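Residue numbers (numbering that gives the first Met the number 0), protein chains in the order written: chain G, 0 to 77; chain P, 0 to 294.
Derived by calculation from the structure, the hints in this document are not laboratory data. Nothing here was measured: the structure is a model prediction, and the numbers come from that model. For glycine and all other residues, C-beta sits at the position ideal for the given N, C-alpha and C. Hints should not be assumed to be uniformly reliable.
Just a sample of chain G residues kept apart from chain P, beta carbon distances all over 12 Å, derived [said to hold, decoys possible]:
1) Y1
2) D8
3) T10
4) G14
5) E15
6) N17
7) L18
8) Q20
9) L41
10) K45
11) K47
12) K49
13) Q56
14) Y57
15) F58
16) V64
Quick list of in silico lysine-lysine cross-link-like pairs, BS3-like style, CA-CA up to 27 Å [to be verified]:
17) K164(P) <-> K45(G)
18) K123(P) <-> K179(P)
19) K47(P) <-> K49(G)
20) K14(P) <-> K264(P)
21) K217(P) <-> K47(G)
22) K133(P) <-> K75(P)
23) K164(P) <-> K24(P)
24) K217(P) <-> K179(P)
25) K42(G) <-> K216(P)
26) K97(P) <-> K47(P)
27) K264(P) <-> K47(P)
28) K69(G) <-> K47(P)
29) K69(G) <-> K216(P)
30) K69(G) <-> K45(G)
31) K42(G) <-> K217(P)
32) K47(G) <-> K216(P)
33) K42(G) <-> K47(P)
34) K47(P) <-> K47(G)
35) K123(P) <-> K142(P)
36) K216(P) <-> K45(G)
37) K133(P) <-> K113(P)
38) K217(P) <-> K69(G)
39) K179(P) <-> K142(P)
40) K45(G) <-> K217(P)
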Amino acid sequence: MYLEIITPDSTIYTGEVNLIQFPGYDGSFEVLNNHAPLISVLKAGKIKVKDNNDQLQYFEINGGVVEVLKNTVLVLAE
Amino acid sequence: MSNLKEVRLRIESIKSTQQITSAMKLVAASKLRKSQNAILTLRPYASKLNGLIQDISASLEESDEIVYAEKRDPEKVLLVIITSNRGLCGAFNSNVIKLARFLIYDNYMQQYEKGNLSLYCIGKKGYDYFKRHKYNILETNLKIFDNLSFENVAPIAVQLMQDYKEKKFDRIEIIYNQFKNASSQILINEQFLPIQPHEPDQDEDTLSGVDYIFEPKKEQIVRELIPKSLKIQLYKAILDSFASEHGARMTAMHMATDNAQELLKELRLSYNKARQASITNEIIEIVSGSIALIG
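Turn these sequences into a full structure, and let the hints steer you where they fit.
Written out as structure tokens, the structure is:
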């Protein structure tokens with residue numbers, strides 16, 4: 000699935016990924032390929048991203064929103 | 000001939016002025032590129048966030064009392080005035096100041112007379128003006144442009160929201176230059192608080208029709224998103240103004256350089272004319288002298 004993480008100052012990640020783990024408002028959750036449409040609020044924490052080569056990457060965020068639609072994940076981080 | 004020397008001195012001084020203006024133009028152009036990128040990356044973020052909020056709040060049956068949307072009679076008004084810290088950028092600052100004054104005298108005369116109108120000045124130029132004219136200045140922030148980032152702007156928005164919540168102000172408006180392109184800015188007067196319900200945009204794709212999972216509940220999401228969007232709104236206004244400032248300065252300096260070029264051309268012409276006249280005079284003197292000797 001396609002992931003895009005943007006902050007007000009810059010775009011910090013774009014690309015194809017296999018797995019994303021979010022620090023959700025009510026606890027952490029993961030999004031895999033072909034997830035159902037979802038809108039959720041994130042709290043401060045780390046986003047874990049596993050890309051197509053199984054490489055792990057972490058992004059520190061200070062809260063944000065995530066929208067999952069048609070295998071595209073858009074994260075408006077802060 | 001003294002005239003010749005005077006003209007030469009003027010040419011020298013105009014040349015050095017031109018060097019300064021063209022250097023300033025180049026500096027402004029490079030800063031413009033940077034600040035333009037910043038605002039252009041923020042815009043999709045802001046519109047996406049606003050789109051989300053609108054769609055979710057539209058799908059809420061009963062929009063429960065969100066503090067920031069509560070309308071009150073505008074007894075106490077705060078105007079946030081965004082100008083630049085430095086001058087030499089054409090009518091950039093005076094436009095903002097003019098609009099602010101216009102607004103005060105047109106809409107908020109009553110509040111102004113009662114002393115219920117406060118100003119929050121971001122940028123030195125606006126602060127200087129309104130201080131000189133003894134307006135009620137709540138606070139100023141002159142350092143924001145030194146290190147412009149979301150982390151620095153967010154606390155201002157938080158403070159404004161807090162003030163609104165505590166009913167220190169009933170209405171907060173922002174006045175700034177919106178960045179259109181390098182050579183033109185649009186003067187904007189935007190209501191910050193209370194939040195105005197937006198008319199749905201036609202060109203924005205709406206979420207209706209897609210069955211989203213909301214996590215947590217919609218109400219909760221809206222409550223979380225509104226402060227975020229307000230922060231973004233203020234940040235956007237400041238970035239817009241910053242990019243506009245550099246655009247305006249670049250245009251102003253470009254004009255100044257062109258004008259200097261024009262002036263130099265005229266001066267060189269009159270310098271050369273004067274020089275030729277003096278040479279002709281000398282030749283006439285020599286020739287007439289030698290004729291007198293022969294004669």
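Each hint, compared with the structure:
1. Y1: At roughly 15 Å from the nearest Cβ of chain P, Y1(G) sits farther out than 12 Å, so the non-interface label holds.
2. D8: 6 Å, violated
3. T10: 7 Å, violated
4. G14: Holds, because the least Cβ-Cβ distance between G14(G) and chain P comes to about 17 Å, which exceeds 12 Å.
5. E15: Since the minimum Cβ distance to chain P is about 20 Å, E15(G) lies beyond 12 Å and the statement holds.
6. N17: The assertion about N17(G) holds, with a minimum of 20 Å to chain P.
7. L18: 18 Å, holds
8. Q20: 14 Å, holds
9. L41: Given that some Cβ of chain P is not farther than 12 Å from that of L41(G), nearest at about 9 Å, it is violated.
10. K45: 18 Å, holds
11. K47: 18 Å, holds
12. K49: 21 Å, holds
13. Q56: 21 Å, holds
14. Y57: The claim holds: Y57(G) sits with its nearest Cβ about 20 Å from chain P, beyond 12 Å.
15. F58: 15 Å, holds
16. V64: 6 Å, violated
17. K164(P) <-> K45(G): Roughly 31 Å between the alpha carbons, so the hint for K164(P) and K45(G) is violated.
18. K123(P) <-> K179(P): 23 Å, holds
19. K47(P) <-> K49(G): Given that 27 Å is the threshold and the Cα spacing comes to 25 Å, the pair holds.
20. K14(P) <-> K264(P): 11 Å, holds
21. K217(P) <-> K47(G): 25 Å, holds
22. K133(P) <-> K75(P): Holds: K133(P) and K75(P) sit about 18 Å apart, inside 27 Å.
23. K164(P) <-> K24(P): Violated, because 44 Å separates the two Cα atoms, which is more than 27 Å.
24. K217(P) <-> K179(P): 35 Å, violated
25. K42(G) <-> K216(P): 15 Å, holds
26. K97(P) <-> K47(P): 32 Å, violated
27. K264(P) <-> K47(P): 52 Å, violated
28. K69(G) <-> K47(P): 16 Å, holds
29. K69(G) <-> K216(P): 21 Å, holds
30. K69(G) <-> K45(G): Given that 27 Å is the threshold and the Cα spacing comes to 24 Å, the pair holds.
31. K42(G) <-> K217(P): Cα-Cα ~16 Å, so holds.
32. K47(G) <-> K216(P): Status holds; Cα separation ~24 Å.
33. K42(G) <-> K47(P): 19 Å, holds
34. K47(P) <-> K47(G): Judged against 27 Å, a Cα distance of about 23 Å means the pair holds.
35. K123(P) <-> K142(P): The given pair, whose Cα atoms are some 9 Å apart, holds under the 27 Å limit.
36. K216(P) <-> K45(G): 22 Å, holds
37. K133(P) <-> K113(P): This hinted pair holds, its Cα atoms lying about 14 Å apart.
38. K217(P) <-> K69(G): 20 Å, holds
39. K179(P) <-> K142(P): Since the Cα atoms of K179(P) and K142(P) sit roughly 25 Å apart, the hinted pair holds (cutoff 27 Å).
40. K45(G) <-> K217(P): 23 Å, holds
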